[in-house]
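The listed protein sequences derive, respectively, from chains A and B.
If you're matching positions, the first sequence starts at 1 in the numbering used here and goes up one per residue.
If you're matching positions, the second sequence starts at 1 in the numbering used here and goes up one per residue.
None of these hints come from the bench; they were simulated from the model.
Given the structure is predicted, the values throughout are model-derived calculations rather than measurements.
We put the CB at the ideal spot given by N, CA and C, even for glycine.
Fair warning: there could be bad hints in the mix.
[Said to hold, decoys possible] The following label-pair restraints were derived from C-beta to C-beta distances: (1) A/N131 - B/D298: 21 to 31 Å; (2) B/E17 - A/D83: 20 to 30 Å; (3) A/G168 - B/Q65: 38 to 48 Å; (4) B/D280 - A/G150: 37 to 47 Å; (5) A/H15 - B/E243: 35 to 45 Å; (6) A/C148 - B/E20: 32 to 42 Å; (7) B/E189 - A/G150: 43 to 53 Å; (8) A/C52 - B/K309: 52 to 62 Å; (9) B/Y9 - A/Q92: 30 to 40 Å; (10) B/R56 - A/G112: 27 to 37 Å; (11) B/E284 - A/R166: 42 to 52 Å; (12) B/T51 - A/E26: 39 to 49 Å; (13) B/E281 - A/C111: 38 to 48 Å.
[Stated by the list, open to error] To list a few chain A residues with every Cβ distance to chain B over 12 Å, as calculated: (14) N21; (15) V27; (16) M43; (17) T61; (18) P68; (19) L70; (20) E105; (21) C111; (22) G112; (23) T130; (24) N131; (25) G142; (26) G150; (27) R166.
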Amino acid sequence: MSHATEGAPALSKVHRVLSVNGENHEVAFDPRKTLLEVLREDMLLTGTKHGCELGECGACTVLIDGEPKLSCLVLGLESDGVDIRTIEGLAQPDVPHALQTAYGELGASQCGYCSPGFLMNASALLARDTNPSREAIVEELGGNICRCTGYLKILEAVELAAQRLRDGTAANGGSDV
Amino acid sequence: MMRLPTFRYTAPKTAAEVAEILAGEGPQASIVAGGTDLYPNMKRRHQTPKTLVSLRHVEELRGVQLNGAVSIGSNETLSDLEDNAALKAKLPALWTAVQSISTPQLRNMGTIGGNVCLDTRCNYYNQTWEWRRAIDFCMKCDGETCWVAPSSDICWAVNSSDTVPVMIALGATFTLISTRGERTIPALEMFGEDGIDYLTKQPDEVLTRIDIPDQGSAKSVYRKVRRRGSFDFPVAAVAARVEMDGDEVKAASIILNAVGPKPVVCETAVDAILGKKLTDEVIEEAAKLAGKGAKPLDNTDHISMWRKKVVVVETKRALEALAQ
Ligand SMILES: Cc1cc2nc3c(=O)[nH]c(=O)nc-3n(C[C@H](O)[C@H](O)[C@H](O)COP(=O)(O)OP(=O)(O)OC[C@H]3O[C@@H](n4cnc5c(N)ncnc54)[C@H](O)[C@@H]3O)c2cc1C
Ligand code: SF4
Ligand code: FES
Ligand code: FES
Chain A
1 MSHATEGAPA
11 LSKVHRVLSV
21 NGENHEVAFD
31 PRKTLLEVLR
41 EDMLLTGTKH
51 GCELGECGAC
61 TVLIDGEPKL
71 SCLVLGLESD
81 GVDIRTIEGL
91 AQPDVPHALQ
101 TAYGELGASQ
111 CGYCSPGFLM
121 NASALLARDT
131 NPSREAIVEE
141 LGGNICRCTG
151 YLKILEAVEL
161 AAQRLRDGTA
171 ANGGSDV
Chain B
1 MMRLPTFRYT
11 APKTAAEVAE
21 ILAGEGPQAS
31 IVAGGTDLYP
41 NMKRRHQTPK
51 TLVSLRHVEE
61 LRGVQLNGAV
71 SIGSNETLSD
81 LEDNAALKAK
91 LPALWTAVQS
101 ISTPQLRNMG
111 TIGGNVCLDT
121 RCNYYNQTWE
131 WRRAIDFCMK
141 CDGETCWVAP
151 SSDICWAVNS
161 SDTVPVMIAL
171 GATFTLISTR
181 GERTIPALEM
191 FGEDGIDYLT
201 KQPDEVLTRI
211 DIPDQGSAKS
221 VYRKVRRRGS
231 FDFPVAAVAA
241 RVEMDGDEVK
251 AASIILNAVG
261 PKPVVCETAV
271 DAILGKKLTD
281 EVIEEAAKLA
291 GKGAKPLDNT
301 DHISMWRKKV
311 VVVETKRALE
321 ALAQ
């Protein structure tokens, strides 16, 4: 079974200080784990979803130093010294991010499995540009797959959130991502 | 969860240190840049390196220099290249290729050096260990037979890099270093005939730089065929470069990729346009000749007969774009 997918766990854990959603956490984990596995299994931050685990779906998207990246293809042990943002940090405790409000209003989530990845990716886009064209939104969200909605409502939700951020009619949840 | 196999991990600060570690560890060590090709492959147990040598702290391998010529550090990310307006203006074909790779998230992670050294791809290979065991392993990894061409001595896994055909067409060179020294090779010499032995780069060598000569008045285009507008690797690709003398073709290069283990140089198609005006008839003839050079097998998305036909269409479109 030397090549089987589930190998024996490594004997010793590595320790890293990870900055997740603005707080430092000291975490001990199996050194071969990806950031996705560390977030979900060792930090119990299960908002970040695992889909394909091979880079083919975008469900695991998090922001690393502000850039959307796939946590299933980043090692946990090289995730220290960077700023990691997950879906758990998108809203302020009582104020959802404009994207989350628009998502709820327009029904951009059905099963919801893809939503954390889409929301993190879209939040990076809106942090850069609050007036993206439909084309730019399609391009930027091209790394996320949704098997339920048919995408249209997701695109409309991003546009609605962008509009409210431009008009100042959405509390941006105070989030700085 | 599809776990990575166990490995030791190092992240040195200089290219010389990377070369020293590779020399000391031997072929069971592997460089990792963005990891977007290597980590999925490790999860599927295509490669199980004992030591990973990460380039993430090697600053000297980053950056782009644009004078007349262009020099790109191997560890430059694809999204940094995509955001480089000067590069886009100077080498639009290369920029188009970079921008067409995978997805925005993956381009934030993947590097140009990793794209050059990308593993070859095949429907019977890019599967989990359990899947491959179920039909019995193939020659490229853990097995003896090629499931695409069972009587074949070589593996037909496909070179699926988007930037490689453009680099070959533009006359790029690759610089490699090891503890044995430094060498610079024409881009085409990097690639082997066999999907198993797909790189002539030795395991102890680090790709440091990609240099692209001044293109002068030459124009280039890149055309990629795939099912979806995002995520997908090419199933056929054409890079073409043409330098005109008045309205006649003075020099040209037509390179196909994603139709076999090695990028294809279309010599007869180039001969058919040299010294001629790019009329509809000349283009038509060259495109047909390019199609003859493509021998795709059924080991990617889309059937091979269609991919062979589409090479003709895409070569035609590429040359038409250059004729304008
Ligand atoms: C879903 C998905 C879609 C994709 N779509 C495309 C696509 O459309 N087109 C495409 O071309 N690619 C595609 N890719 C492949 C990959 O993301 C890119 O090719 C990327 O550029 C690889 O770079 P990397 O830095 O991540 O490579 P890594 O995974 O880090 O490395 C790849 C290989 O190159 C070697 N290597 C890396 N850097 C060096 C160096 N400096 N010197 C020596 N060896 C080195 C590594 O040892 C390894 O063998 C896709 C990948 C995924 C997961
Ligand atoms: S071409 Fe044949 S040997 Fe190569 S990966 Fe595919 S099935 Fe395996
Ligand atoms: S789980 Fe990371 S891309 Fe699918
Ligand atoms: S809402 Fe179900 S996958 Fe997108």
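Determine which of the earlier numbered hints do not hold for this structure and return their numbers in increasing order. Going through the list in order, the structure violates hints 1, 5, 6, 8, 12, 13, 17, 18, 19 and 25 and respects the others.
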